[in-house]
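K.L.:
Chain by chain, the residues:
Protein chains: 2
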Amino acid sequence: MFMIDWPLFALFLATCFTAGSTGAFFGPDEWYERISKPAWTPPNWLFPTAWFTLYLLMSYAATRVALSGHPEMVYALGIWGLQTAFNTLWSPIFFGQHKIGKALVALIGLWASVIAMAISFWRVDMVAGLLLVPYVIWGTYAFALNFSIWRRNPDTPQMAGA
Amino acid sequence: MFMIDWPLFALFLATCFTAGSTGAFFGPDEWYERISKPAWTPPNWLFPTAWFTLYLLMSYAATRVALSGHPEMVYALGIWGLQTAFNTLWSPIFFGQHKIGKALVALIGLWASVIAMAISFWRVDMVAGLLLVPYVIWGTYAFALNFSIWRRNPDTPQMAGA
Numbered sequence: 001m002f003m004i005d006w007p008l009f010a011l012f013l014a015t016c017f018t019a020g021s022t023g024a025f026f027g028p029d030e031w032y033e034r035i036s037k038p039a040w041t042p043p044n045w046l047f048p049t050a051w052f053t054l055y056l057l058m059s060y061a062a063t064r065v066a067l068s069g070h071p072e073m074v075y076a077l078g079i080w081g082l083q084t085a086f087n088t089l090w091s092p093i094f095f096g097q098h099k100i101g102k103a104l105v106a107l108i109g110l111w112a113s114v115i116a117m118a119i120s121f122w123r124v125d126m127v128a129g130l131l132l133v134p135y136v137i138w139g140t141y142a143f144a145l146n147f148s149i150w151r152r153n154p155d156t157p158q159m160a161g162a
Numbered sequence: 001m002f003m004i005d006w007p008l009f010a011l012f013l014a015t016c017f018t019a020g021s022t023g024a025f026f027g028p029d030e031w032y033e034r035i036s037k038p039a040w041t042p043p044n045w046l047f048p049t050a051w052f053t054l055y056l057l058m059s060y061a062a063t064r065v066a067l068s069g070h071p072e073m074v075y076a077l078g079i080w081g082l083q084t085a086f087n088t089l090w091s092p093i094f095f096g097q098h099k100i101g102k103a104l105v106a107l108i109g110l111w112a113s114v115i116a117m118a119i120s121f122w123r124v125d126m127v128a129g130l131l132l133v134p135y136v137i138w139g140t141y142a143f144a145l146n147f148s149i150w151r152r153n154p155d156t157p158q159m160a161g162a
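Protein chains in written order, with our numbering: chain R, 1 to 162; chain V, 1 to 162.
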């Protein structure tokens, strides 16, 4: 039986929404509509829906980890903070600067930190680790999508000012 | 006697540098040189210098908090993650979008989360709280600067595309 600590859950969720707000500030624009994208690019509405779900899952997972009392818990919460920074970073680089290659580097950072977080959460609390599996899958998919767009648009370094 | 946990310190510092990388992606530009700024605006070189110092201090403070074993420690680390998101957020809005008012809102979020973090760190470990005093002062100064620039430039909503 796991009692949820609501203030702590709210704090983690607020962190997610703060990071995710860059998706509202820097979202799909005319440039994004125009560049070459693979056939398996999801419709735009799927992104906020997926992120909302992932934010709920990861906030609950972080709450479980924080209340575990496990000795490795502080490392797990440290990695939580790191993936928060990468999460905030991607949208401004991709949608704000239209720098596909640099966004890919940021996404690799996010992906690596999410995998590290999932492993760390798993070691602290198995359920918390499993709750991050969708985030790992989504991160992998997002990486593949960003990589494909990067390969398809080799000559569009600075279309923002075009 | 406080033994530092270097991997944990490195994790916190990496988080700071990831958040701070937005300052390299979105930094002072021609628009910033042109807009009206108060006489007490610091020279551009001071910003990275100040942030580098603050990042060292806050990473060491977070390491102390994480190793304290204090029952409120998880809330303190949760607020650490929240201020990380706000820290990442400001530069893209201000320098990337040139939206002074929205950047001010993000900065109020950063300021509030830094004050909450300082209080929380203080309760967990007095030294860690004191180590955040420069961050609170810098946040207050940054708020005053952003506020002044916002008042001085009422009619420059979208100079990016001008």
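FYI, nobody ran anything at the bench for these hints, they're computed from the structure. Check the hints yourself; a few may be wrong.
Claimed, not checked - If you anchor each label on the Cβ, the simulated ranges turn out as follows:
(1) A24(V) with D155(R): 23 to 33 Å
(2) V136(V) with W40(R): 40 to 50 Å
(3) Y141(R) with E33(V): 38 to 48 Å
(4) S36(R) with S148(V): 43 to 53 Å
(5) V105(R) with E72(V): 28 to 38 Å
(6) A10(R) with I4(V): 45 to 55 Å
Unchecked claim - Partial list, derived from the structure: chain R residues whose beta carbon lies under 10 Å from chain V:
(7) F17
(8) I35
(9) A39
(10) V65
(11) L67
(12) L82
(13) P92
(14) G101
(15) L104
Ideal Cβ positions, reconstructed from N, Cα and C, are used throughout, including at glycine.
K.L.:
Hint by hint, which ones does the structure fall short of?
P.N.:
The structure conflicts with hints 6, 8, 9, 14, 15, although it agrees with all the remaining ones.
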